[in-house]
Amino acid sequence: MDFFSTLLLIIIVIQFYKYQDEYKRKEEERIYNICNFLKDKIYKKNKEYVLNKYQQRVTKQYLLNQNIISYSTDFNNYLTTFVSNSSNVYSYYKYNCVK
1 MDFFSTLLLI IIVIQFYKYQ DEYKRKEEER IYNICNFLKD KIYKKNKEYV
51 LNKYQQRVTK QYLLNQNIIS YSTDFNNYLT TFVSNSSNVY SYYKYNCVK
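If you count by the working numbering, then the sequence shown holds residues 1 to 99, one letter each, in order.
Bear in mind the hints are in silico, worked out from the structure with no lab data behind them. Please read all numbers here as calculations on a predicted model, not as lab measurements. We treat Cβ as the ideally placed atom computed from N, Cα and C, and that holds for glycine. Treat each hint with caution, since some may be false.
Per label pair, the in silico range of CB-to-CB distance [what the hints assert, rightly or not]: (1) R25 / F4: 30 to 36 Å; (2) Y62 / E28: 17 to 23 Å; (3) Y62 / Q20: 25 to 31 Å; (4) D2 / R25: 32 to 38 Å; (5) E28 / N65: 15 to 21 Å; (6) N33 / D2: 44 to 50 Å; (7) D2 / F37: 27 to 33 Å.
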């Protein structure tokens, strides 16, 4: 390969990594916002964290709007697992949303 081909390849690789970093940052920010949303909806009842029926519906609709196709929450262990279908890429997240 000549010099310009090599230079072009290096530029493409750098741009690719910059794009991936930006995508990851945006995705983490999105999940952080979802976690904050969930924190406001959860309350403690008999030493367990629960969502009432209305909040479950609101939460489900909100998550669908955020391209979260499924989620499960173990409130007692403070873990929420999200499956996201953002840009047709399935991503799995495990976050400590409830503190």
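Taking the hints in turn, this is what the structure says about them:
no.	hint	verdict
1	R25 / F4: 30 to 36 Å	holds, 32 Å
2	Y62 / E28: 17 to 23 Å	holds, 18 Å
3	Y62 / Q20: 25 to 31 Å	holds, 27 Å
4	D2 / R25: 32 to 38 Å	holds, 35 Å
5	E28 / N65: 15 to 21 Å	holds, 18 Å
6	N33 / D2: 44 to 50 Å	holds, 47 Å
7	D2 / F37: 27 to 33 Å	violated, 53 Å
Of the numbered hints given earlier, the model fails hint 7 alone.
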